[in-house]
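Asks: Required output: the full structure, derived from the provided sequences and hints.
Residue numbers (numbering that gives the first Met the number 0), protein chains in the order written: chain L, 0 to 584; chain C, 0 to 584.
Misleading hints may appear alongside valid ones.
With beta-carbon atoms standing in for the labels, derived distance ranges [stated by the list, open to error]:
no.	chain 1	residue 1	chain 2	residue 2	range
1	C	GLY309	L	TYR460	40 to 48 Å
2	C	VAL478	L	ARG175	38 to 46 Å
3	C	GLU360	L	THR475	53 to 61 Å
4	L	MET484	C	LYS442	23 to 31 Å
5	C	LYS442	L	ALA568	29 to 37 Å
In short, the hints are calculated from the structure, not lab data. Cβ atoms here follow ideal geometry from the backbone N, Cα and C, with glycine treated the same way.
There are 2 protein chains.
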Amino acid sequence: MEILEALHDGLLLLDGAMGTMLQSRGLRLGERPELFSITHPQVVEGIHREYIEAGAQVVYANTFGANAHKLAGTGHTPAEVIEASVRAAKAACAGTNATKVALDVGPIGELLAPAGSLGFDEAYALFKEQIDAGVRCGADLIVIETMTDLYEVKAALLAAKENSELPVFVTMTFERGGRTFTGCSVSAMALTLEGLGADAIGINCSLGPKEIYPIAKELSVWTRLPLIVKANAGLPDPQTGKYDVTPEAFVGSALQFMEIGVSAIGGCCGTTPEYIARMRETLSGKRPAKREYPARAAICTPTKTVAIDGVAVIGERINPTGKKLFKQALIEHNMDYILSQAIAQIEADADILDVNVGLPEIDETVMLPEVVCRLQAVIDAPLQLDSSNAKALENALRLYNGKPVVNSVNGEAAVLERILPLVKKYGAAVVGLTLDENGIPPKAGERFAIAQRILDAALRYGIRREDVYIDCLTLTASVQQKEVMETLKAVQMVKERLGLKTVLGVSNISFGLPGRELINQSFLTLALAHGLDLPIINPNIPSMMGAVAAFRVLYNQDEGAKDFITKYAQEKGAAPVVSVQGMTI
Amino acid sequence: MEILEALHDGLLLLDGAMGTMLQSRGLRLGERPELFSITHPQVVEGIHREYIEAGAQVVYANTFGANAHKLAGTGHTPAEVIEASVRAAKAACAGTNATKVALDVGPIGELLAPAGSLGFDEAYALFKEQIDAGVRCGADLIVIETMTDLYEVKAALLAAKENSELPVFVTMTFERGGRTFTGCSVSAMALTLEGLGADAIGINCSLGPKEIYPIAKELSVWTRLPLIVKANAGLPDPQTGKYDVTPEAFVGSALQFMEIGVSAIGGCCGTTPEYIARMRETLSGKRPAKREYPARAAICTPTKTVAIDGVAVIGERINPTGKKLFKQALIEHNMDYILSQAIAQIEADADILDVNVGLPEIDETVMLPEVVCRLQAVIDAPLQLDSSNAKALENALRLYNGKPVVNSVNGEAAVLERILPLVKKYGAAVVGLTLDENGIPPKAGERFAIAQRILDAALRYGIRREDVYIDCLTLTASVQQKEVMETLKAVQMVKERLGLKTVLGVSNISFGLPGRELINQSFLTLALAHGLDLPIINPNIPSMMGAVAAFRVLYNQDEGAKDFITKYAQEKGAAPVVSVQGMTI
Ligand SMILES: [Zn+2]
Ligand SMILES: [Zn+2]
Ligand SMILES: [Zn+2]
Chain L
0 MEILEALHDG LLLLDGAMGT MLQSRGLRLG ERPELFSITH PQVVEGIHRE YIEAGAQVVY
60 ANTFGANAHK LAGTGHTPAE VIEASVRAAK AACAGTNATK VALDVGPIGE LLAPAGSLGF
120 DEAYALFKEQ IDAGVRCGAD LIVIETMTDL YEVKAALLAA KENSELPVFV TMTFERGGRT
180 FTGCSVSAMA LTLEGLGADA IGINCSLGPK EIYPIAKELS VWTRLPLIVK ANAGLPDPQT
240 GKYDVTPEAF VGSALQFMEI GVSAIGGCCG TTPEYIARMR ETLSGKRPAK REYPARAAIC
300 TPTKTVAIDG VAVIGERINP TGKKLFKQAL IEHNMDYILS QAIAQIEADA DILDVNVGLP
360 EIDETVMLPE VVCRLQAVID APLQLDSSNA KALENALRLY NGKPVVNSVN GEAAVLERIL
420 PLVKKYGAAV VGLTLDENGI PPKAGERFAI AQRILDAALR YGIRREDVYI DCLTLTASVQ
480 QKEVMETLKA VQMVKERLGL KTVLGVSNIS FGLPGRELIN QSFLTLALAH GLDLPIINPN
540 IPSMMGAVAA FRVLYNQDEG AKDFITKYAQ EKGAAPVVSV QGMTI
Chain C
0 MEILEALHDG LLLLDGAMGT MLQSRGLRLG ERPELFSITH PQVVEGIHRE YIEAGAQVVY
60 ANTFGANAHK LAGTGHTPAE VIEASVRAAK AACAGTNATK VALDVGPIGE LLAPAGSLGF
120 DEAYALFKEQ IDAGVRCGAD LIVIETMTDL YEVKAALLAA KENSELPVFV TMTFERGGRT
180 FTGCSVSAMA LTLEGLGADA IGINCSLGPK EIYPIAKELS VWTRLPLIVK ANAGLPDPQT
240 GKYDVTPEAF VGSALQFMEI GVSAIGGCCG TTPEYIARMR ETLSGKRPAK REYPARAAIC
300 TPTKTVAIDG VAVIGERINP TGKKLFKQAL IEHNMDYILS QAIAQIEADA DILDVNVGLP
360 EIDETVMLPE VVCRLQAVID APLQLDSSNA KALENALRLY NGKPVVNSVN GEAAVLERIL
420 PLVKKYGAAV VGLTLDENGI PPKAGERFAI AQRILDAALR YGIRREDVYI DCLTLTASVQ
480 QKEVMETLKA VQMVKERLGL KTVLGVSNIS FGLPGRELIN QSFLTLALAH GLDLPIINPN
540 IPSMMGAVAA FRVLYNQDEG AKDFITKYAQ EKGAAPVVSV QGMTI
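Replies: Spelled out as C-alpha cells, the structure:
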C-alpha cells in the first residue's frame, strides 16, 4: 500500500473542499452534490484537476453522500453515482499516477439505534453497498469522514475492512469542547478505530485550524496511527459567506500540525486549490515531527474512557453464577432487572461492568449481544464481555460501541486460537487466565509461565501488549490456604516482569468461611498492594469500594485524597458499614 | 570463669541431694537443715566429701534456706549459717581445686506481692544479704534453685548480679503440666532469666527424670544458655520413703538429657553419692549434643509468652495523648479507670499492651512502675514500657515481672547511650524509631539507614538482634501523602534486609481525613503485607482486629482459619461494624 508508505515517509498532501467549490460552480442549495458527477462531470473533474495541479496527492471522489438513504428519490443508485464520481476523479488524474483517488464515505444522514431507528446491520449494509461500488470502479483508498457517531463509523469501518483490501482513513468532526455532536471523545475515537484497523485517523470540518489544534494534540497521545487534519478555512462571515482564514494563515497552522506529528493535511469547507498550492510551496520537503506514543491500557465507550493507570473497578453483578434472582431474570428475559443491576453498580462508582449471561437455558449467542446493546443504551461504562462461547463473543463484539475487554482466554492453545482472532479483529482488550488443560497450577511461577504464553500468543495475533490483561486466579482460602499467597505473588510477577495489567475476581477467596466480607476486603487490599489493577467486585458493598478508595489515597493515586474526601466527608458516623451477611454473591 | 568454660566444653557433673542425705544422718523433721552446718559441721562436710569422691565437680553448700526470713527465731543470722556451710563445703574440697562450691539460694518461703505481702525490694534485700555473705566467705558460684516464682527469681538474680561477679545458675521447679506452682511457663523462665544475665538455667526437684525430660526439651528451644537438670530420684514410696528411680535408670535418663544438649547434671531429692558415681562412670568422656538455637523474638510475663512469629497486636489505649478521660484518670490517680482500659483491650484479644503515662502533671518515675505493677496484678499480657524518661524506664524495668519491650530509642546517639544499657541490663526487647536529631527522613532508604545504626548500637551493647524491633514511623496521609509508601517500603527493607521485627503505630495515618477507620484499616493491611509484625492499634475497634484476623488467614498464619472461624462464626449479621466516628483516639 504505497499510500501508507507515503504517510510514514513524510507529509501527505490531501485536497481541499469539494462541496463549497461545487457551490461556487453552480450547485444550488438543496441539490445533492454527488449528482453533479452525473449531471456535470466536467465540473467535478475540473475541480479535482485544480487540486491535483495545486499539489494534492489524494483527491476525494465526489461520493460523500452517495448512500442509498440519501439518494432515495433521486432516481440514482449509489453504484451509478459512485461510478460517475470515481470516473471523474480518475479522469482528472490522467497522466499522473502519483495522485490517488479516495472513495469518500460520509454519514448516512439518519441516526442509528438506540438514538434513532437505523439498525447497526442496516447501516453496515448501506456502507457495504458504497464500498463494493468504490472497489469495483477502482478507488485507491477509502476515506470515512465528517463522522460524529462512533457507532456509525464502526459500521462503515467494518464494511470497508470486510469488503475491501484498500487502506482506510477515518476523520471525525469535533465541536469546540473536544467531543463530537453525539458526545464521542477523542480518546474513544482513537481507541476504537485503531482497534478496528483504521490505517490513519484524524479530524475534519466544522472548526478552523486553531480550534482543531488542541483536539488534534489530544488525539496524538491516544493513538499510534498516522494523523490526518482537514480543517475548514475558519468560519464563514455570516454576511459575505467568505471564510476567515487566509491561505497564508492556513499554511501557518499546517506547520503547527506537523510539529505535533500530523502527517496528512488538506482542507475542508471553504478551502480552495489556492490553500493546497500554498501548503505545497511552504511544506514540501518538510517532515512531520516524530511522535512518541506511550502505550496506554484503556477501554471505552464513545463517551467514557477508562484508562487503566490506577485501580479501576469491574462490577461483578451481571452474572447468574450463584445468583438466583439474576438467573430467573435471564430465563424470563427480564431486561429491567438486568439493567437495574447495571445502574446500581454505576451509581456505586464501578468503572467497568462485567457481562456474563451464560446459562444452560439461554442462547448466549443471542442474549449476550442483546444485553450488551441494552446496557449501552442506558449506561456509559465500558463492558467486559464475559463468555467462553466464541460465537456469542463475536456477536457482542460486533455490536459493542467502543473498545471492550473480552474475558477470557487461558493457556490452552485451542482456546487461544478460537478467541484471539476475534479480539484482534474487533480491537478489544483481553483477559488471560493463568490456567490451561492441566488446571490451575499451584505455584506462582507456573502461573506466570502461562501468562507469558498467553502474551506471546496474543502478540503473534497482532494484539498489542497493553491490551493483554492477566487474571492470576483467586482460589478459596478455606480449601487452598497456601495458594492465597501464590496468587498474590503471581500478580506481582506479572505486573513487574511482563508489565501487564492484572485482573482478579476477589470474592471467591472467602467461599466457605464466615466473615466473608472482611476476608474479601482484606484480600482486595493485599491484591492491590501486589499490583492488581482491575478488581472484579460487587461495588454495592461499601467496604469493598471503601478499600479501593482508601488504597488510592495511600498509594498516592487519589492526589490530595480529593475523591476520598468527597466520598466520605458527608458520611458522618455512617460510612462504610461492613456486615458479614450483607454480601450479595 | 572456669566453671563456665567447663560447661561449654562438656558435661559438668553436679552433686546430689543434701536434704535427704541429712535426714538419713540424723536431721529431724522440722529442724532447719542449714543449722546442721553449725551443729554438725563434720556431717555436712562428710556428705560433700562423698559427692566429691563420687565425681561431683560442683557441690552446693548447705545454704538453701539460709535467709533472714527462714532463720528468724533460730538465733542465727544468714551470715553465720552461710559462713559455716561454705566452710564445711570448702573443707570437703581440701586437696582438690577441681571442685567448686556453690552458694545455694532457695526460695524465701513467703509469697511476693501481689499474691503475698513481701515487696520486691524486701525480697531483693533478703537475697542480697545471702549473696554478700556467700561472696565474703569465698563461694565459687551462686545457684538459685527450686524456685517456682519467676518474680522471686528476678529479685535473687538481680541481687546476685548487682552484688557479685560470680557465675549464677538458676533452676526452677516445674509440675507435670510444664508450669511451676505459680504458673510460670518454661518459655517465660528462659526469656526472662537469659535477659537478666543468668549463666546457666535449668530444672530441679519435684519430678523424676522421666517427667522432667519433656520440660527440659522445651527449655532447650527457648534459650541459648547452658542447661542444668537436677531431677529427683523419681518419687518416694509412700510407705518406705524410698525413691523409685535406681542409679542405673538415673544414668540412662542423664544420657537422654545429654542428647538434647543438657550440659550440667546432678541429682535432687532422693539421690545419693552412688547416683553421682554411676553417672561419672558412664558419662565421663561423653559430650552433650550441640544445640541449634533458632533466634526467636518474644516477650513475656510469667504466664504468657508472645512469640513474634506472626502478627501480634499492641493495644494503644493506655496512653494520655489526645485522650481526655485517660488524662484525667492519671491526674486523679484513678487506677480503676486505667485498669479497665487494660482489661477491655485484653478482652478484645490484644497480645501486648503499650503503657504510656507521660504527662507534665505526673511524676513518671513513680507512676510508670506503679501502673506496671498494678497492671501485672490483673492481666497476663506482656507490656510495652513507653517512655523517654530513663529513670521511669529503669524503675519500671526493675519491677516488671517477665521480659517487656521498651518503646523507644531512636537514631540519636545520646538517646541510645541513655536507654540501651537499661535494655541490656534488664533483658528487655527495644523499639527503635527511624528518626534522629534531624527529624524523620522522608525516604525509605534514609529511614533504613537509621534502623541499621540503631541495630549496630544495640549489638554493641550486647543486646541480641532478635530483641531489636524497628518502627519506621507512620506519617499523616493528609499532609504527607507521598511518604505513606516510603513508610511501607522502609518496613519491607528493614524486614527483608535486617531481618528485624517491625512496629508501627497505625492510626496517625488518617489524621485530618474523614473515614479515618477505613484508612486505618487499609493502611494496617498494607503494612502487614509489607512485613509489619507489631501493629500498635486500638483493639476495641472491630475492623482493626478484623483486618489482623483476615490477614492471618490470607497469609497462612492462622492455619485452617481456626482462630478466624472461632471469632466470626457466631457473629451472624453483626460482625465487624466499621463506623467512622467510632474510633477512640
Ligand atoms: Zn467541511
Ligand atoms: Zn518474712
Ligand atoms: Zn529436690
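Asks: Against the structure shown, which of the earlier numbered hints fail to hold, in ascending order?
Replies: Hint check: nothing fails, all pass.
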